[in-house]
Amino acid sequence: MKYFEDVKVGDVMRFGRYEVTKDEIIEYARQFDPQPFHLDEEAARQSLFGGLIASGWHTGAMFIRMVAEHMTPQVATSGARGFDDLRWLKPVRPGDVLSVESVVREKEEPRRPDRGTVKIESRVLNQHGDVVMSLVSLVIFQRRPADGS
Amino acid sequence: MRYWEDHEPGQQTDLGSHTITEAEILAFARKYDPQPFHTDPEAARRSLYGGLIASGWHTCAILMRLGVEANQREQAAATGSPGLDSCRWLKPVRPGDTLHGRTEVLETWPSRSKPIGFVRRRMEMVNQRGEVVLALVGITMYHRRPVAASA
Chain A
1 MKYFEDVKVG DVMRFGRYEV TKDEIIEYAR QFDPQPFHLD EEAARQSLFG
51 GLIASGWHTG AMFIRMVAEH MTPQVATSGA RGFDDLRWLK PVRPGDVLSV
101 ESVVREKEEP RRPDRGTVKI ESRVLNQHGD VVMSLVSLVI FQRRPADGS
Chain B
1 MRYWEDHEPG QQTDLGSHTI TEAEILAFAR KYDPQPFHTD PEAARRSLYG
51 GLIASGWHTC AILMRLGVEA NQREQAAATG SPGLDSCRWL KPVRPGDTLH
101 GRTEVLETWP SRSKPIGFVR RRMEMVNQRG EVVLALVGIT MYHRRPVAAS
151 A
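For the record, the sequence lines run as chains A and B.
End of the first sequence sits at 149 in our numbering; the numbers just go up one at a time, nothing left out.
End of the second sequence sits at 151 in our numbering; the numbers just go up one at a time, nothing left out.
Bound conformation, chain B alone (with noise of 0.2 Å):
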């Protein structure tokens, strides 16, 4: 189990990678974020993006999955978050685009009230040119490593 313990600043995770699809792109944008350039290849070209792109919520839902899967790959004992710093859509994410994420602890403090831990880093999704298209820093919560099992 990774406990808040487990976490110091400095610390690099690897989330891995998803190549997103234009069809994924349609199915998230026509339920949350209806805007023409989202939901519509014609006229999103005549638009300032030239082009179909995804959502700014849709790239943080799969940065979200990404961060999941490798809380779970490492049996992080994860319990929501209270909420993030900043958010930057930086570049635009097209259909095909391969998005990988990575992410860095900034920094750790223990809660006052809870036994609990908050971590707050830097995550980051990169496209294959190496752009960095999404950049965010959030806060984690992370049970504390339970006294009995630290011995």
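So here's chain A without its partners, still in its complex pose (with noise of 0.2 Å):
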């Protein structure tokens, strides 16, 4: 288990596979954010982005999933306070295939004695290796207990 002291500036970490499908889009869509260019593939041709992409917050959604698969099971976080600089920089198509490559920005020095916030800067990446979203999470960590258990 990574405790906050484990954690080191520059470490990086590779995880994930994340196919998406045009169901799933569409299913996401339709509950959370309901725009003809998530919902209608004939709309979504029609639009700025010629065919039906994914809702930038699916991305984010399919992003913490790989995140709670992956990453959060080897270190002892309890959550995290937010993110800042997330940019949405390419389209998510039906039958791309995602996953992350994330690197420890920095940890702050923490201001309670049993957690601190690491931020981490993750790249979302599609099969072709093309950024599709990059944000700075905001990581909360728990302090190694003082007995060294």
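Just so you know, these hints were derived from the structure itself, not from any lab.
Note that the Cβ used here is the ideal one computed from N, Cα and C, for glycine as well.
Hints may contain errors.
[To be verified] To give an idea of the interface, some chain B residues facing chain A are shown, with a C-beta separation under 7 Å as derived from the structure: (1) 87; (2) 89; (3) 132.
[As the list claims (entries may be wrong)] Okay, the calculated bits of chain A under chain B, using three or more residues with CB under 8 Å as the criterion: (4) 32-39; (5) 51-65; (6) 82-88.
Two chains, two frames, some hints: make the complex.
In structure tokens:
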């Protein structure tokens, strides 16, 4: 288990594999982001995007799924305070396969004895290696218990 | 139609509200954010949070939904977003909470290369106790008012 003390600036993690389907794009959009270019293939073709694309928040949700599955189980985390500088850089389309590359950018001086914030920059990549989304997460790490366990 | 030209700093919009259920929290978290304090009421009780809380990405998705609905009511010519400057999950969101969305325009600027413009806004979700649970600053793109239509 990795605690706050075990994380080093510059640490790199690569993980995840998420296949994006048309059905899931439409299902997410119906629930949370019902705009024509996320919902309707024909309307999407006529839009700025030239075809159906995933809601940016859906890409965020797929990102956090990969984090929860691959990164969270290995670290002593209690969630995140939020994030900065989120950019949706390329459209995510049906058939894309996403993965994540994360780098530890900064460790904030802990203000509490039991936890500290680590700034982790993540890039979500598609199968061509294009960055489709990037952000800097403010992840809460637990500090190593004093008894060393 | 509400075009880019119709936005100015200081404009506030009330987005309406949504009451979040335990079933919604569990369904979202099981699909996208399977951490025990989002997916398992019993494990959540023993966690830092003392009970089930919604995934922060779920709260953002609900805010998005309220924002899209407001845009549709106003026939806003919105055309996506390049991203957000910041997002903070300030307080836990729990089953039964009623979340109210509100936004304020901070800044607007036109695209140099496309017939669109950008609007930077602060967006917040406030619970039934008046606590801000989510605060973000994001950018939205809008189509420019067509020249022929402005006469």
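Do the hints match the structure? See the list:
1. 87: 5 Å, holds
2. 89: With a closest approach of 5 Å, the residue 89/B hint holds.
3. 132: 12 Å, violated
4. 32-39: With 5 residues close enough to chain B, the hint holds.
5. 51-65: Per the Cβ count (8), the hint holds.
6. 82-88: n = 7 at 8 Å, threshold three: holds.
In this structure, only the earlier hint numbered 3 is contradicted, and the remaining ones agree with it.
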